[in-house]
Structure formats: C-alpha cells, structure tokens
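Participant: For the protein sequence lines, the chains are A and B, in the order given. Residue numbering for the first sequence follows UniProt numbering, beginning at 1 and increasing consecutively. Residue numbering for the second sequence follows UniProt numbering, beginning at 1 and increasing consecutively.
Since the hints were derived computationally from the structure, they do not count as laboratory data. Be a bit skeptical, because a hint or two may be false.
Where chains are identical, the list cannot tell them apart; a pair therefore holds if satisfied intra-copy or between any two copies.
To be verified - The calculated lysine-lysine pairs, modelled on DSSO-like cross-linking and capped at a C-alpha distance of 27 Å, are:
(1) K13 / K59
(2) K90 / K173
(3) K14 / K100
(4) K13 / K168
(5) K168 / K100
(6) K202 / K60
(7) K202 / K117
(8) K157 / K195
(9) K157 / K56
(10) K100 / K164
(11) K157 / K168
(12) K173 / K60
(13) K35 / K168
(14) K39 / K157
(15) K87 / K100
(16) K189 / K61
(17) K65 / K202
(18) K14 / K117
(19) K143 / K90
Quick caveat: nothing in here was measured; it's all calculated off a predicted structure.
Number of protein chains: 2
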Amino acid sequence: MKAVILANGDFPKKQNLISEILCANFLIACDGAVKHLKKISKEPDIIIGDLDSISKSLKKKFSTKIIHIQEQETNDLTKAFFYCIQKGFKHIEIFGATGKREDHTLANIFLLYHYSKYAQVCIKSDFGTFEIHNTPCSIASFKGQQISIFCLDTTCKLTSQALKYPLKNLSLKNLSQGTLNEALEDNFKISSSKKTQIIVYKKS
Amino acid sequence: MKAVILANGDFPKKQNLISEILCANFLIACDGAVKHLKKISKEPDIIIGDLDSISKSLKKKFSTKIIHIQEQETNDLTKAFFYCIQKGFKHIEIFGATGKREDHTLANIFLLYHYSKYAQVCIKSDFGTFEIHNTPCSIASFKGQQISIFCLDTTCKLTSQALKYPLKNLSLKNLSQGTLNEALEDNFKISSSKKTQIIVYKKS
Chain A
1 MKAVILANGD FPKKQNLISE ILCANFLIAC DGAVKHLKKI SKEPDIIIGD
51 LDSISKSLKK KFSTKIIHIQ EQETNDLTKA FFYCIQKGFK HIEIFGATGK
101 REDHTLANIF LLYHYSKYAQ VCIKSDFGTF EIHNTPCSIA SFKGQQISIF
151 CLDTTCKLTS QALKYPLKNL SLKNLSQGTL NEALEDNFKI SSSKKTQIIV
201 YKKS
Chain B
1 MKAVILANGD FPKKQNLISE ILCANFLIAC DGAVKHLKKI SKEPDIIIGD
51 LDSISKSLKK KFSTKIIHIQ EQETNDLTKA FFYCIQKGFK HIEIFGATGK
101 REDHTLANIF LLYHYSKYAQ VCIKSDFGTF EIHNTPCSIA SFKGQQISIF
151 CLDTTCKLTS QALKYPLKNL SLKNLSQGTL NEALEDNFKI SSSKKTQIIV
201 YKKS
C-alpha cells in the first residue's frame with residue numbers, strides 16, 4: 001500500500017506521473033496543492049496544512065477532508081508525510097515537491113534524509129526522481145540514464161561502479177561535485193568509506 | 001562593471017529581471033539558453049558551452065560569438081563564469097540557473113561556494129535570489145521578506161538577529177532546517193561559532 005503526497009510546487013504534466021496520482025491508494029494534498037486535482041478529475045483523501053494557500057471555495061468543498069495543523073515548525077509536506085506514517089504507510093511517493101520557490105525545492109529534497117528514517121520515500125517530477133539510499137547500494141537505472149549523486153556528509157568518500165565518470169574514493173566537497181553522471185548499465189553501485197546516505201537523482 | 005550569465009533553466013518572466021538582462025554590460029548565454037534572448041530582442045556578447053543544446057540555426061547566426069569548450073569536467077555555467085573572470089569581471093549575476101532539471105538547479109546553487117572565491121556572485125529567478133555570505137554578516141532585506149539560510153558546514157552553529165524564527169547557536173543538520181524564515185527589519189544578521197559561508201535565499 002502506497003501513499004501519494006501532492007505538494008504545492010509544479011504539478012506534473014507527464015501522463016505516467018498523472019496516472020500514479022490517479023491510481024494512488026491514498027492521496028494527500030498539501031494545502032493549496034489541491035487546486036491541481038480538479039484538472040485530472042481526482043479528489044484527495046485528505047487535505048493537510050496550515051491552510052494559508054487553499055482557496056475559500058475549495059476549503060468549503062472539501063471541508064470534511066481538511067486537517068488544519070497550525071504549527072509553523074514544520075512545512076506542509078512534513079505534516080502530510082507524518083500523517084501518512086501515522087496511518088501506517090511504509091511507501092510514500094511525493095509529487096509537486098519541486099518547482100516554483102527554490103528554497104522550498106531544496107528543503108523538500110533534503111527532507112528525504114529525515115523522512116527515510118520512517119518509510120521508503122521518493123520525490124517524482126516531470127524531469128526526474130530523487131531517491132535516498134544507504135551505502136553500500138545497488139541502484140536500478142538504464143543504460144545512458146543521466147544520474148546525479150548528492151551526499152551531505154562531506155567527510156565520506158564515495159566509490160562508484162558502472163557510472164560513466166567514476167567516483168574513486170571521492171568526497172563530494174560541495175553538493176555539485178557528484179552531479180551530471182551517466183549510468184553505463186541497468187544498475188550502478190555506490191560504496192563509501194563509512195556508512196552514509198546518498199540522495200540519487202535519476203533523469204526521466 | 002557587471003557581467004550577466006544566462007543559463008539554460010527557466011527564463012525569467014518578471015520585468016525587472018528582464019531589464020537587468022537587457023541592460024547587462026556583458027551578457028554570456030550558456031549554450032542553448034541563447035534561444036530565450038530572441039523574445040526580448042537582445043543579442044548575447046558571447047555564447048559558451050559544449051554546444052549540445054543550441055540549434056543549428058542559432059549556431060550559424062551567432063557563429064562569430066561562439067566559444068566551444070568541449071571538456072565535460074565542468075558544466076556550461078562554470079565555463080561561462082570563468083570566462084567572465086578571465087575578462088576581469090568581479091560582479092556576476094546569473095539568470096536561468098534554476099527550474100527544469102532539479103539536479104542542475106542544485107548543482108548551480110551550490111556552485112556559488114566555488115564561484116564566491118573569485119567574484120561577487122548571485123543567482124536570480126522570478127521567485128527569489130540566492131546570495132553567498134561570509135559570516136559574520138549583515139544582510140539587506142525588507143520587513144516581512146521570506147528568508148531561507150543554507151549552510152553545508154553542519155558542524156558550525158549559527159545565531160541570527162532580526163529573523164522571525166531566531167537561530168540560537170543552531171547547527172543546520174540537514175539543508176532544510178534553516179528554511180522558511182522571515183526578516184523582521186530592513187536587514188538581519190548571522191553570526192557563527194566559526195567562520196563559514198552561508199547561502200541566503202531571499203524571496204522576491
């Protein structure tokens with residue numbers, strides 16, 4: 001059983017992503033993100049957030065589905081994520097987490113570090129997918145797929161197998177150094193000098 | 001004298017940003033990004049990159065302005081940046097660095113750490129501006145401006161003045177913890193437990 005969260009960034013245009021939203025076992029919209037669902041004739045199971053971005057008419061229409069959480073310590077995506085965890089979901093896909101305000105995009109991507117303690121989680125957009133992996137790991141890909149690797153632990157040295165530009169015991173000193181790589185086969189491997197977590201971006 | 005670099009992400013829509021591109025002392029387009037300039041009736045001074053995304057017709061039209069750099073160790077933005085440095089520019093503004101592929105967005109934002117060794121540099125989009133500052137620092141803002149702080153050095157503890165949600169000797173353990181703050185006055189201050197650099201996002 002998989003939950004889908006729709007955050008308030010760019011709504012996907014690609015049909016395979018829209019199909020995933022349409023077929024979600026459980027769909028939570030973050031606050032004003034619910035406005036995008038009308039155009040795909042889908043209703044959310046729950047709307048969650050501090051309700052600063054949903055329109056009055058949608059608030060009225062979905063009044064029985066709204067969970068208003070006022071606290072400002074966490075963003076709406078985190079409120080939605082932990083609602084799913086409380087409901088018992090162990091597999092959560094997030095759409096609309098990127099695009100528009102870039103600080104939201106960054107925050108949402110690196111919240112994967114936090115979320116991954118509680119569930120299998122990824123972020124999907126028209127451009128690609130962010131996943132989080134514990135090293136050492138073998139990651140599914142396709143030959144020629146554009147890959148970027150991000151690691152916040154700059155003391156950790158990474159080594160790759162089956163990437164076009166190999167990482168050889170390399171610490172990614174800023175977040176740009178592991179980007180714009182390419183998979184050579186239908187999977188690639190990352191190992192590291194100590195156990196760590198990496199965020200992997202796969203271009204669609 | 002200020003150089004403007006146009007990267008190949010989202011082209012700005014806001015008139016004040018378009019005016020900055022129109023009035024640039026020196027304008028470099030990264031590869032295929034040059035296609036956006038036609039709609040604002042502006043020609044670049046230079047087009048730089050590995051030329052994998054510019055159209056044949058634009059390549060022909062601007063043949064005398066193209067600098068083809070094949071090496072794949074750096075991205076087109078970095079090629080453009082160091083061309084400006086060689087030309088003697090000490091103030092560089094980057095547009096089109098965000099939007100579209102999210103791994104490019106991340107790489108471009110965190111390249112500010114690298115670029116800041118050589119020039120005063122910022123990234124501007126329709127949504128906001130990324131700047132990089134050495135701590136301690138006083139940063140211009142306006143009352144109510146939405147602010148996010150990013151710091152890759154997770155061992156460094158930050159303290160703020162004149163932010164709505166104060167940082168009190170806080171290490172930003174992942175990149176999300178310093179986001180979604182708000183300026184209380186027309187500037188705010190960040191100090192730190194040791195000298196470091198922070199990336200500051202100011203919503204427009």
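Participant: With reference to the structure, classify each hint as holding or not holding.
Facilitator: Quick rundown of the hints versus the structure:
Taking the shortest Cα distances, K13 and K59 sit within 27 Å of each other inside one copy (25 Å), while across copies they are farther apart (30 Å). For the identical chains of this complex, K90 and K173 are inter-copy neighbours only, at 24 Å across copies versus 32 Å inside a copy, given an alpha-carbon limit of 27 Å. In this homomeric assembly, K14 and K100 come within 27 Å of each other (Cα to Cα) both inside a single copy, at 18 Å, and across copies, at 13 Å. For the identical chains of this complex, K13 and K168 are neighbours neither inside a copy (37 Å) nor across copies (42 Å), given an alpha-carbon limit of 27 Å.
Proximity of K168 and K100 under a CA criterion of 27 Å is satisfied in neither setting, with 35 Å inside one chain copy and 29 Å between copies. In this assembly of identical chains, K202 and K60 lie within 27 Å of each other by CA distance neither inside one copy nor across copies; the values are 39 Å within and 33 Å between. Proximity of K202 to K117 under the C-alpha cut-off of 27 Å is restricted to the intra-copy arrangement: shortest distance 21 Å within a copy versus 30 Å between copies. For the identical chains of this complex, K157 and K195 are neighbours both inside a copy (10 Å) and across copies (24 Å), given an alpha-carbon limit of 27 Å.
Taking the shortest Cα distances, K157 and K56 never come within 27 Å of each other, neither inside one copy (51 Å) nor across copies (41 Å). In the homo-oligomer, the alpha carbons of K100 and K164 lie at most 27 Å apart only across protomers (23 Å), although the nearest pairing inside one protomer, at 31 Å, exceeds that limit. Taking identical chains as interchangeable, the C-alpha atoms of K157 and K168 lie at most 27 Å apart only when both belong to the same chain, with a minimum of 8 Å there against 31 Å between chains. In this assembly of identical chains, the alpha carbons of K173 and K60 never lie at most 27 Å apart, being 49 Å within a copy and 39 Å across copies at closest.
For the identical chains of this complex, K35 and K168 are neighbours neither inside a copy (46 Å) nor across copies (37 Å), given an alpha-carbon limit of 27 Å. In this assembly of identical chains, K39 and K157 lie within 27 Å of each other by CA distance neither inside one copy nor across copies; the values are 46 Å within and 45 Å between. Neither within a single protomer nor between protomers do K87 and K100 lie at most 27 Å apart by alpha-carbon distance, with minima of 29 Å and 33 Å respectively. Proximity of K189 and K61 under a CA criterion of 27 Å is satisfied in neither setting, with 48 Å inside one chain copy and 44 Å between copies.
In this assembly of identical chains, the alpha carbons of K65 and K202 never lie at most 27 Å apart, being 34 Å within a copy and 34 Å across copies at closest. Taking identical chains as interchangeable, the C-alpha atoms of K14 and K117 are never at most 27 Å apart, the minima being 29 Å within one chain and 40 Å between chains. For a Cα distance limit of 27 Å, the shortest separation of K143 from K90 qualifies neither inside one copy, at 29 Å, nor across copies, at 42 Å.
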